[in-house]
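Asks: Each chain is listed here by its residues.
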Amino acid sequence: MRKRILLTLVLLVATFAGARAQNVIDLIIAEALAVPDSTGIVDDYGRRGGWIEIFNTSQGTVNFAGCYLTDDRNNLKKSLIPKGDLRTKLGPRQTTLIYASGEGKDGTFYAGFRLRPGSTVYLVSNDGRTVIDSLVLPKDLPAGLSVSKQAFDLRQREFEPLPDPTVPSPGIPNMDQDAASKAQAMAEKDPHGFILSLVAVTVVFSALAILWFLFWLFFDRPAKKKRSPVIPSITKESPSDEIAAAIALAMDMEQGGDVYAAIALAMDLYFSDTVHDTESFILTMRPKESAAWNDKKQNFRKLPR
Amino acid sequence: MEHVFQSLAQFWEYTGFANCSWQNIVMIGIGIIFITLAIVKEWEPMLLVPIGFGMIVGNIPMFPGLNIGIYEDGSVLSILYQGVKQGWYPPLIFLGIGAMTDFSALISQPRLILIGAAAQMGIFGAYLLALAFGFAPNEAGAIGIIGGADGPTAIFLSSKLAPDLMGAIAVSAYSYMALVPVIQKPIMLLLTTKKERLIRMPAPRQVSQKEKIIFPIVGFLTTAFIVPSGLPLLGMLFFGNLLKESGVTRRLANTASGPLIDVVTTLIGLTVGASTQADKFLSAKSLLIFGLGLLSFVIATTCGVLFVKLMNLFIHNPAKKINPLIGNAGVSAVPDSARVSEVVGREIDPKNHLLMHAMGPNVAGVIGSAVAAGILLAFLG
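Residue numbers (the working numbering), protein chains in the order written: chain B, -7 to 297; chain Y, 95 to 475.
Heads up, a few of these hints could be off.
What the hints assert, rightly or not - If you want the footprint, here are the derived chain B segments under chain Y, 3+ residues with CB under 8 Å:
hint, region
1, 178 to 188
2, 191 to 199
Stated by the list, open to error - Below, in silico cross-link-like pairs of lysine to aspartate or glutamate (EDC-like), each with a Cα-Cα straight-line distance of 20 Å or less:
hint, chain 1, residue 1, chain 2, residue 2
3, B, LYS174, Y, ASP373
4, Y, LYS179, Y, ASP430
5, Y, LYS445, B, ASP250
Hint data in this document are derived by calculation from the structure and do not stem from the laboratory. C-beta atoms are modelled at their ideal positions from N, C-alpha and C, and glycine is treated no differently.
Let the hints inform the model, and build the full structure from the sequences given.
Replies: If you want it as structure tokens, here you go:
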């Protein structure tokens, strides 16, 4: 028994640890600049230098505190992103900048190394071992240009490195700014809406037709009959059919179809055992859930409807 | 004394009388009409009373900046409205709908599922028309969903695709749902012959408890794998149904189908009504949306009835023919449209009870409209 509990606890811990790791792996190094030019951005100390842009590709907030940045594959814990700073929580599809000032103690968003052309920057998970993402800075990277990864649509999770250095865009999500939204694209491709309608109708029909097929295949058969109470056998002499027909005719003339519905309902309730909780002919009285003295219902004025 | 007059004049500026416009009066009038219809005619009172009163609440003229309006951050109404805006009321309503829906009628006659799919043509018919009237594709998609005759789905999708049009779309959807008997009956009579209306369908077979339990699981897996974007609605619908049918979670099912859905229906009705603030609601666009909404209901009903007639062409056994009067029930206004089938059917043959047959396409319509919403969200969201 203890072993089972222990195993369950281990599984739970593993699950939650996995969930946390999964959170952090949604981060990518979206852009990096090694050598700024005179128009480059300055950090909080007024210095111009390289920087690394981290982007959260997920639809949830990711806290990257405790993760590491490094430019040395053999030293993955080179620069720790400190814990305890609320600003390390990165919103969905948001970016943040880490200044590669070489002085990690300058603040939360400062890396303890400088970027140089030809180096590779790694983002390492908070376990200090798993490389989440990396970005290679070419040796011939000109000053004032950055390397970046871009997605056509920000909802995509896959970002492709751009082959050529680009004009830096620190703090701005890297996407094709001219890319049309889905609705705009649809307006261009299918201005009258026929294609979408056709596809959508096909999908709706397919989904429900599959459901129909599955139930037709496996379940569309009469349910097994329940054992019905023993009915006295009718002798050949008794004109049962004629009597039944006469009764039905008389009831029909007398009452109309509602009586049939009531009889059918009563018989269905009887045979399906929904009236009796335990067995036939025994009626169970359910105890009241609350006594009269604390029953709120009894204190309210009863309205006719 | 002068100070008193100044204070009174200042107070006057805060009153509804000083800030009133004719648009506010019109919207308050519409709200009162909704409440009257609900109480006197008993047309969808659960929906029209909260929406109607919400309209009055949202159109009380007031001095802006007091943080009490539905569009002012931090106000009570604004906080309650988040459930509509962010789209988390509709799935909760679907949970309740699932917990109170009996899918037996559908399981016993799986072929009726297809009628629920055919009636979704109303959605795409309205989508095409909205595009033709110059709406953007995302707006057209949100307008089209009115044809699903499903208020929560309409709110869910419009909150994602066209939040600006949500008030008009929601009010339109709920209004036409209340008017289902008025809209559908003439179309049903127009499209069917007397002989067709007299068709008696075989009694549905008894459905076992095992089938009822398996249905929400298989139904969810099938539809959600095809249209994952419909997950919030489909997941909640089938989850609610599993709570009901499993037999071991009666308390949860009772809560979902009782207090929970009542609370959410009250809040969604009130806030949707209050969101129809005159300056944001009274526009030519809203009128156009109402017109398109009506057309979508007409198309949905027409397609449902015609599809049954088409099915009958392929059914050679006369005993297995389907009465086309249940075709209208393919829209997901549960159980109103099924009730219309019953009433119209009994008008010509008082002993022909179509209600249980119509419930099949009716609940299939709920699934179909959620699937359609998922597709529109995937393509246009």
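Asks: Would you list, in rising numerical order, the hints stated earlier that this structure does not obey?
Replies: Result: hints 3 and 4 break, sorted rising.
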